[in-house]
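Asks: The lines below spell out each chain.
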Amino acid sequence: MHLRLKQLIWIAAICATPLALQAQQFSVDGHSFQVHGYVSQGFVDTGSGGNNWLTMNTSDGSLAMTEGAVNISTQITDKFRVGAQVYDRDFGQLGKWHPQLDWAVADYRFTSWFGVRAGKVKTTFGLYNDVQDMNFLATPALLPQSIYPTDLRDGMLAHLGGDVYGKVSPKHLGTFSYTGFVGERRDGLYGGYIYLEQGSGIDFTSFGGLQYGGDLRWYTPLKGLLVGYSGMNQHILGTGTFSQFPPGVVFTQQSTKNQTNQFYAQYAVGKFRVDSEYRHYVYNVNLGNPQILWVFYDTTVPGWYLAGAYRVAKRLELGSYYSRMWAGYTTDYPGDVQPSTVSSPDRHCYDKVATARVDLNRYWNVKVEGHFMDGYGNTEVYPGGFYPQQNPQGLKPKTNALVIRTGFNF
Amino acid sequence: MKLLRFFLLATALAVFGSLEARAGDIKVIANPSVGASTVSADDLKGVFLQEKSSLSDGSHVAPVLLKGGAAHEAFVKQYLGKTDDALQTYYRSLVFTGKGSMPKMLGSDAEMVAYVAKTKGAIGYVSAGASVEGVKTLEVN
Numbered sequence: 001m002h003l004r005l006k007q008l009i010w011i012a013a014i015c016a017t018p019l020a021l022q023a024q025q026f027s028v029d030g031h032s033f034q035v036h037g038y039v040s041q042g043f044v045d046t047g048s049g050g051n052n053w054l055t056m057n058t059s060d061g062s063l064a065m066t067e068g069a070v071n072i073s074t075q076i077t078d079k080f081r082v083g084a085q086v087y088d089r090d091f092g093q094l095g096k097w098h099p100q101l102d103w104a105v106a107d108y109r110f111t112s113w114f115g116v117r118a119g120k121v122k123t124t125f126g127l128y129n130d131v132q133d134m135n136f137l138a139t140p141a142l143l144p145q146s147i148y149p150t151d152l153r154d155g156m157l158a159h160l161g162g163d164v165y166g167k168v169s170p171k172h173l174g175t176f177s178y179t180g181f182v183g184e185r186r187d188g189l190y191g192g193y194i195y196l197e198q199g200s201g202i203d204f205t206s207f208g209g210l211q212y213g214g215d216l217r218w219y220t221p222l223k224g225l226l227v228g229y230s231g232m233n234q235h236i237l238g239t240g241t242f243s244q245f246p247p248g249v250v251f252t253q254q255s256t257k258n259q260t261n262q263f264y265a266q267y268a269v270g271k272f273r274v275d276s277e278y279r280h281y282v283y284n285v286n287l288g289n290p291q292i293l294w295v296f297y298d299t300t301v302p303g304w305y306l307a308g309a310y311r312v313a314k315r316l317e318l319g320s321y322y323s324r325m326w327a328g329y330t331t332d333y334p335g336d337v338q339p340s341t342v343s344s345p346d347r348h349c350y351d352k353v354a355t356a357r358v359d360l361n362r363y364w365n366v367k368v369e370g371h372f373m374d375g376y377g378n379t380e381v382y383p384g385g386f387y388p389q390q391n392p393q394g395l396k397p398k399t400n401a402l403v404i405r406t407g408f409n410f
Numbered sequence: 001m002k003l004l005r006f007f008l009l010a011t012a013l014a015v016f017g018s019l020e021a022r023a024g025d026i027k028v029i030a031n032p033s034v035g036a037s038t039v040s041a042d043d044l045k046g047v048f049l050q051e052k053s054s055l056s057d058g059s060h061v062a063p064v065l066l067k068g069g070a071a072h073e074a075f076v077k078q079y080l081g082k083t084d085d086a087l088q089t090y091y092r093s094l095v096f097t098g099k100g101s102m103p104k105m106l107g108s109d110a111e112m113v114a115y116v117a118k119t120k121g122a123i124g125y126v127s128a129g130a131s132v133e134g135v136k137t138l139e140v141n
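In order, the protein sequence lines correspond to chains A and B.
The first sequence begins at 1 in this note's numbering and counts up by one.
The second sequence begins at 1 in this note's numbering and counts up by one.
If you're looking for bench data, these hints aren't it; they were derived computationally from the structure.
The C-beta atom is built at its ideal place from N, Cα and C for all residues, glycine as well.
Chain A side only, calculated, beta carbon under 8 Å to chain B, not exhaustive:
1. W103
2. S112
3. A268
4. G270
Make a model of the complete structure from these sequences and hints.
Replies: Take a look at the structure:
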């Protein structure tokens, strides 16, 4: 469908959403079904002559930041529920209006301390992984990209498989909530890493593999304090072809180690909330074509952020965060030399952010946000939201960005 | 350093602000089909946060909330440990990840009592002075 027509449809959906607010629940054969959804539209400007960010042409100001989802669910019995959600987005070169099944779950809770889910399940990981697309749930227009990179969301978002989960509350020790998961990761072909590799002359046709891990969080006896840990291992295989030198030759990427460890804490009291997370990501891959060139990359990407938010008034919340990520690698690829220090702009991305969120009503919000970024990540192995294809003149060391985002949910 | 001062000031504002929000008197009510006459604070929290669908005596229950007002604010703060904004965010996170549903929400004490009275398993709350004809009051321990 023509791009402009799709955008017009989304804008019409945004305008019509308030009318849909009433159509949320209906019954069929005595079962009550709920329907919910959201749409959001954003604008990003990094200033004339600035870097282009998140695959959008932001140096000219970009409206190519649209997303939405709709879900339906029902409680079959008091312990058993089913539901599904479809999601679509257009973020510059990402998504490109290819709708995805976001999740489709059958969930049976035996007791409060043991339940199971199966299907395509959103992955519980850290504070915001499973809800990172639902911008109306967060204070900022963009979550800290050091931990929740919107261009690389495919790698962590959901798995085809199952979870076990539950909560236990030992006396005087607060509550422990656990989730264990295993399944298959299947990246869409319109994500950031796929796009990055296209710029290197590689067209992936599939990317994914086994994913397993868990999350344990402790709602401590100190009211409002939550601490937790999430860990994941993955065995990823990507297959595709070279688009150049020579075209059509098979390309393979196989991970030998792909581990993520994440620690997090949140303190929420009254109208005030503080979040912090630290992630350590390590992935080792062999890639290329064994008959032509087969190389090894060992990549490490630590990152963290500290965020705060305060609801100043019924309809106004202010927030701020500081986000840091840095990436380094070693490789046996002939002639590949990376900068030696993390202080180099192509080894890190540091971001200072200030946000104002206005809730016009319970269903409609507007956010205005400023980003002050130092560095642009490592465009060889782990971009910090900056892609060579959008920046053919080279990347500048600093980027300032204005992000305005509005969204409806029902 | 400036960032640290901002967070310290905001924390102080939040703490002093929350001291003024005193929990008003509220009554927890349930449909007469609910067998229990008392409910633990833990069970109440578990039900309203959709972690449990039955009380300790095995009674199946479904939570019903008020949309706003003093009784709602007091209940949410006292028994769920959240602000209304945080609670709405919590429910929406369940809805949009497939892990729960949006509970029924009603506009007044009278609507709450009427709904709980006619709905098997419903459990809700009203202000202390509200008429509770047709429902049972649960003591929270």
